[in-house]
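Those protein sequences? They're chains A and B, same order as listed.
Numbering-wise, the first sequence is residues 1 to 400 according to the working numbering.
Numbering-wise, the second sequence is residues 1 to 251 according to the working numbering.
Calculated directly from the structure, the hints in this document are not laboratory data.
The model shown is predicted, which means the values in this text are computed figures rather than measured ones.
Keep in mind that the hints are not guaranteed to be accurate.
To be verified - Per the computed footprint, the stretches of chain B lying under chain A, defined by three or more beta-carbons under 8 angstroms from a beta-carbon of chain A, are:
| id | segment |
| --- | --- |
| 1 | 74-81 |
| 2 | 96-104 |
| 3 | 123-136 |
Even glycine gets a Cβ: it sits at the ideal position worked out from N, Cα and C.
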Amino acid sequence: MTVTDHSRATADTAHSHGLGTPTPDASRADRPTSFEVSDFTVPGGREEEWRFSPLKDIKPMLADEATSGHLEWDVPELPAGVTLTDIDVAAARERSVRAPGDRASAVAAAHSGGARVLTIAPNTVLDEPLQISVTGTGQDVRGHLLVEAGESSEATVIFERKGTATYSEFVSVDLAQNAGLNLVLLQLWDADAVHAGEIVARLGRDSRLRGSVVTLGGKSVRLNTSAAFAGEGARVDLFGLYFADSGQHQEHQLFVDHAVPRCTSRVTYKGALAGKTARTVWIGDVLIRKEAEETDTYELNRNLVLTDGARADSVPNLEIETGEIAGAGHASATGRFDDEQMFYLRSRGISEAEARKLVVRGFFADLVQEIGVASVEQSLMKAIELELEHVNEELAETEA
Amino acid sequence: MSTLEIKNLHASVDTPEGTKQILKGVNLTINSGETHAIMGPNGSGKSTLAYAIAGHPKYDITEGSVFLDGEDVLEMSVDERAKAGLFLAMQYPVEVPGVSVSNFLRTAKTAIDGEAPKLRTWVKEVKGSMEDLRMDASFAERNVNEGFSGGEKKRHEILQMELLSPKIAVLDETDSGLDVDALRIVSEGVNRVKENTGLGVMLITHYTRILRYIKPDFVHVFVNGQVAEEGGPELAERLEAEGYDRYLVEA
Ligand SMILES: Nc1ncnc2c1ncn2[C@@H]1O[C@H](COP(=O)(O)OP(=O)(O)O)[C@@H](O)[C@H]1O
Ligand SMILES: [Mg+2]
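Using the sequences provided together with the hints, build the complete structure.
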């Protein structure tokens with residue numbers, strides 16, 4: 001007997017197409033950005049960018065006041081051409097690729113107590129991924145982080161976040177001309193962590209950014225990633241993988257701003273949900289401005305609902321202001337676990353728990369490969385296994 | 001020597017319009033080495049019979065019994081039935097995205113045997129079976145049934161049957177939609193497994209054509225959820241000449 005029979009998938013209920021349907025903002029481009037906290041009102045929950053968010057958890061991060069907490073940084077010996085420096089709040093404003101786009105990140109930048117800058121010098125080529133771990137120790141923390149990839153540099157940088165904290169951050173990612181950066185943000189928080197982050201990337205001419213976000217841990221995680229093209233011939237690939245259990249809220253908002261011609265963007269996010277109160281939100285906005293001729297873009301979000309009650313919202317939104325594009329598309333699908341797949345596998349002797357593992361592993365397999373860092377791939381597959389163990393235990397209990 | 005014994009089997013399915021009775025008392029006994037052709041018109045309940053034996057959760061067994069070598073099959077979960085030695089080659093095999101054929105086969109073999117197969121002999125076995133079924137080696141790396149043609153799906157089912165060596169196999173319209181070449185390859189596969197393992201076969205089919213390649217010992221005409229007539233191979237010849245009309249009029 002499978003208990004996945006009645007799982008609810010909120011498939012296309014929240015699927016809105018930008019074309020033809022007016023969004024509450026006239027255009028995504030009209031959203032204000034500012035370093036002044038007072039330029040943003042405290043969200044009440046009806047705003048387009050906050051309407052799915054767990055404001056109760058995020059509330060402490062919206063207060064315009066300093067906190068004393070910090071995260072523990074574990075930084076390996078840095079290779080030649082890479083530096084990690086501390087700068088003050090004013091300097092960090094100057095060096096960020098743009099100002100924060102919402103109140104939480106404006107507060108994070110204003111009260112960070114200074115920013116950390118990871119700089120990769122021009123023409124530096126890192127053969128090995130650089131992994132930096134930050135660990136929360138239960139404090140209330142505001143952070144501002146800058147990653148600067150110099151001209152024609154090539155690097156893989158992994159930020160792993162673990163432990164617990166109430167953490168908000170503003171992350172600026174700057175790719176100079178022809179830089180290649182593979183940036184991986186791992187949210188492996190303990191179960192009670194709350195994390196709100198805004199990541200803003202600017203891509204110089206011919207640069208290439210692969211930005212991966214993996215969200216497994218934490219009570220509430222809300223990440224808002226923007227990528228803006230500043231020069232022609234650049235490409236961004238944004239990957240996301242998330243797995244929400246009961247009690248977890250995982251929200252990923254994306255905005256790709258095609259402001260110049262001949263750039264390419266791909267957004268691929270996949271999530272699995274298990275447990276009655278598991279909740280995920282994905283909002284993917286792509287704007288192709290009038291100037292952005294020969295743009296090539298595609299965004300995809302897929303959600304796999306493993307058990308009853310879990311809810312996934314998926315809202316792709318494509319705004320096109322020029323007719324001269326190479327390609328633009330989006331796809332969004334939320335499906336519940338497929339009983340026929342389960343039956344097929346089980347009819348070959350494979351146990352229910354093992355069959356579920358096969359299907360979920362299969363669901364994530366191509367995405368995990370895309371992240372393109374061998375060490376991350378392995379630990380991710382392990383982490384997914386672990387999540388599935390929990391699911392299997394939970395289901396076994398409800399069945400018993 | 002194995003025996004699958006189906007007695008007075010009734011099965012129904014829940015539909016939006018209410019409960020629908022599909023199987024209305026099926027009696028059938030299949031021994032190792034025997035091939036039973038189950039022939040019937042579309043909608044007569046052949047797939048339901050196959051699914052009921054395999055334990056598909058959609059179908060409720062309302063009456064009757066299924067025993068394999070004295071063990072109560074209806075008490076077993078889907079995977080337990082497979083481990084007990086039952087195999088169902090499906091009419092419409094299911095796609096499993098992201099799961100490669102080789103991973104799938106190895107996982108199934110491990111589950112059925114209770115231990116992982118010895119790598120070297122296993123690889124050879126898989127390769128040999130695939131060659132016999134004229135499946136290209138690249139198949140192993142493709143995702144299960146994803147983008148497979150109809151013929152490829154059916155060959156893949158027979159490949160699984162050969163590798164998992166069940167006691168009794170139910171082949172649900174394995175012949176439908178195959179061209180003659182594919183039909184011959186698939187039939188050879190079934191005959192090979194029968195010869196090598198003494199497999200008992202329930203060969204569900206809509207057409208008589210496959211019976212030129214797989215010789216049945218018994219033929220059962222299946223109409224309206226029941227066996228309407230039973231006989232030897234000669235019954236198939238009669239069906240080929242007359243079709244199912246005679247039974248449908250009676251039903
Ligand atoms: N899951 C189902 N839901 C509703 N009706 C079904 C279901 N499965 C089978 N049926 C109905 O039961 C009858 C027998 O179907 P099936 O067993 O597939 O027949 P066959 O394989 O002989 O063509 C058909 O009328 C079919 O529509
Ligand atoms: Mg059928």
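Going through the numbered hints above, which ones does this structure break? Give me the numbers in ascending order.
Violated hint (a single one): 3; every other hint is consistent with the structure.
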